[in-house]
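Chains as they are written, first to last, in our numbering: chain A, 1 to 340; chain B, 1001 to 1317.
Worth flagging that the hints you see were computed from the coordinates, not collected in a lab.
We treat Cβ as the ideally placed atom computed from N, Cα and C, and that holds for glycine.
Some hints could be false.
Pairs of lysine-lysine residues, derived as BS3-like cross-links and limited to a Cα-Cα distance of at most 30 Å, are as follows [as the list claims (entries may be wrong)]:
{"hint": "1", "chain 1": "A", "residue 1": "Lys63", "chain 2": "A", "residue 2": "Lys82"}
{"hint": "2", "chain 1": "B", "residue 1": "Lys1314", "chain 2": "A", "residue 2": "Lys14"}
{"hint": "3", "chain 1": "A", "residue 1": "Lys63", "chain 2": "B", "residue 2": "Lys1314"}
Below, a sample of chain B positions facing chain A; criterion: calculated Cβ distance under 7 Å [said to hold, decoys possible]:
{"hint": "4", "residue": "Thr1045"}
{"hint": "5", "residue": "Gly1048"}
{"hint": "6", "residue": "His1049"}
{"hint": "7", "residue": "Ser1053"}
{"hint": "8", "residue": "Ser1060"}
{"hint": "9", "residue": "Val1061"}
{"hint": "10", "residue": "Arg1062"}
{"hint": "11", "residue": "Thr1125"}
{"hint": "12", "residue": "Gly1126"}
{"hint": "13", "residue": "Met1127"}
{"hint": "14", "residue": "Ala1134"}
{"hint": "15", "residue": "Pro1136"}
{"hint": "16", "residue": "Asp1316"}
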Amino acid sequence: MIELEGLTKRYGDKLAVDHLTFQVRPGMITGFLGPNGAGKSTTMRMMLDLDNPTAGSVRIDGKHYRDLQEPLKYIGALLDAKNMHGGRSAYHNLLCLAQSNRIPASRVAEVLDTVGLTAVAKKKSKGFSLGMGQRLGIAYALLGDPEILMFDEPVNGLDPEGIHWIRNLMKSLAAQGRTVFVSSHLMSEMALTADHLIVIGQGKLLADTSMAGFIRENSRSYVRVRTPQPEQFKDAASAAGLSVSLREDGSFEIEGADMAEPVGELAAQHRVTLHQLSPQQASLEEAFMQMTAQAVEYHAHNLNDPGAAAAAAQADPPLAQNAPPAPGQQGQGPQWGKGD
Amino acid sequence: MSYPPQPSAPAPGAPPVPGAAPGAAPPVPPPPGGGYSSPIPIVRTHLGHAFASEWTKIRSVRSTMWTLGIMLVLVVGVGFLIALAMATDDWVGAPLLSGGLFGLMLGQICIVTLGVLVITSEYGTGMIRTTLTASPQRWRVLAAKAVVFFVLAFVLTTVACAITAVIHSSVLSGQTVPEYEYDDPMFKDSISDSGELVATGGQWFDATVGAALYVSLLGLLALAVGAILRHSAGAITTMVGFILLPLIIALFMQAESLKEVQRKLIEYSPLSGLASLFGIPFFEDGAVGGWGLLSLLAAVTGGMLLLAFALLSKRDV
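Kindly produce the complete structure, drawing on both the sequences and the hints.
Okay, here's the thing in structure tokens:
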């Protein structure tokens, strides 16, 4: 159980982390999602007492990190795969860390075996590939067999096999009742692993919701209809009890999965001409982008007219045409812990 | 090994926990006072574990082998060559063990480099973040580093100096001190009844333990500077400047009005203390001797270490 309360980090004028308050609960994977520069890593460094918060506090099972006597037995963290001494062997990198926490040397061999690095245990970690480095970092996180695990972008730069391995590892760790906190900037990755979701943008909390709730609210299926006879179509659909909404561009949206068939039949029945009848699915990625669009720090601008592009980016989130309105704007379910 | 989910009051307004492992062990009721009971027995770690950790670190990187190996080769090798060169003269005109200074002047750079690298390599590689998450009691990390490095540097430098001293005393022994040198304070107590040059017990101690202590302190100062600057090249440059610049600056202070400044710079330069410990002080009438300068170096080192401790506990890493 990790509790953040009003956690704030200010670098000069810039608020990197802005009054974050949330909890990370045991027995599940909590995804920590946000675009690049949202403050995820800064938050994680503050959780591990590497950076001092400007305000607020973090409690690990009710204690400050600095008061943990043998922190590796409480909490294991992978911040950056490169945070090892490259001139030292994988085994010795882990051994010196184990010794500082009274972890027996036999455990080092165990975790190296768990992550599949036994064969290169005596090799300098400098020569490791990104995936091997990531595995070494995970071995370090597992060293104390801790009940809380934190991974900062663990799948970054990994091949599909490595990604698959990390996903399964996290799931099995959570299934054992441990607290797993994992950051990512990829919604698709989170959708596959996380049970709970915490979204931040520009240091602010945007959402604190269960993954199931997020999917329910955001993965909308609907059918798009264009017709030269909008009035007739609307009347017919209303009479049939379908919820129809008119979009700004004059097309209709009918909520629900697999609605193309009944809608087409309905139109034929009422002799309404259709120019378009297409099933649509709004992706979670789109929902996430829309949520954080205002909070993305570095927009890619149109080279021809940077000023206008910047203004457009501010006013209108760059979205696929078919995306639903921003969940925040719609005032979705009760579990949205929306930041200000 | 598996841990049951810890009891926790859901946050107000928090959604129901979807993945709250059905079939997991029932939550343990929190102990009175709302504290937390960990499934892991917590035994207090102490400085001893940090020593073990730092010892593993220092012996498992190649830079330790290189710097200490080169130090040994320089001190003993240059000491041997100097001894051979001096042996060709009938009268060397210097205390018996003084020739060990030259090798150690070079060897001290190795100790300084290792002192810096012990801490800056952690910053350079990012290892420091891993180290400090494993040991959030940051002072303990720096203290263990300082002690492990200091002891290692001291033992090996003492060995190197002792070997050199033995070489010098055996190669150069049997020299007859000319009578005109009898009044020179440099040879006080080091002329035997038969008029031969010998080394007193004090000179042996100074040229081995004293010199090694001096160089190890310099290394410890380098470690403190490394912890403050957190940058290998910056810290090594600073230390080399600290050792050499006073003498180089003094070299160009030829104006009469600067004579006093020049003298002070030379007298209190780091090399002056080392030369004094080998019985060849820069000034015969110096206000402080070798051990006085060593105490001064110890005080400076202590001050910088305190600063390093303060900065380490305060800074973001």
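So, going through the hints one by one against the coordinates:
no.: 1; hint: A:Lys63 - A:Lys82; verdict: holds, 28 Å
no.: 2; hint: B:Lys1314 - A:Lys14; verdict: holds, 20 Å
no.: 3; hint: A:Lys63 - B:Lys1314; verdict: holds, 19 Å
no.: 4; hint: Thr1045; verdict: holds, 5 Å
no.: 5; hint: Gly1048; verdict: violated, 10 Å
no.: 6; hint: His1049; verdict: holds, 5 Å
no.: 7; hint: Ser1053; verdict: holds, 4 Å
no.: 8; hint: Ser1060; verdict: holds, 4 Å
no.: 9; hint: Val1061; verdict: holds, 5 Å
no.: 10; hint: Arg1062; verdict: holds, 6 Å
no.: 11; hint: Thr1125; verdict: holds, 5 Å
no.: 12; hint: Gly1126; verdict: holds, 4 Å
no.: 13; hint: Met1127; verdict: holds, 4 Å
no.: 14; hint: Ala1134; verdict: holds, 5 Å
no.: 15; hint: Pro1136; verdict: holds, 5 Å
no.: 16; hint: Asp1316; verdict: holds, 4 Å
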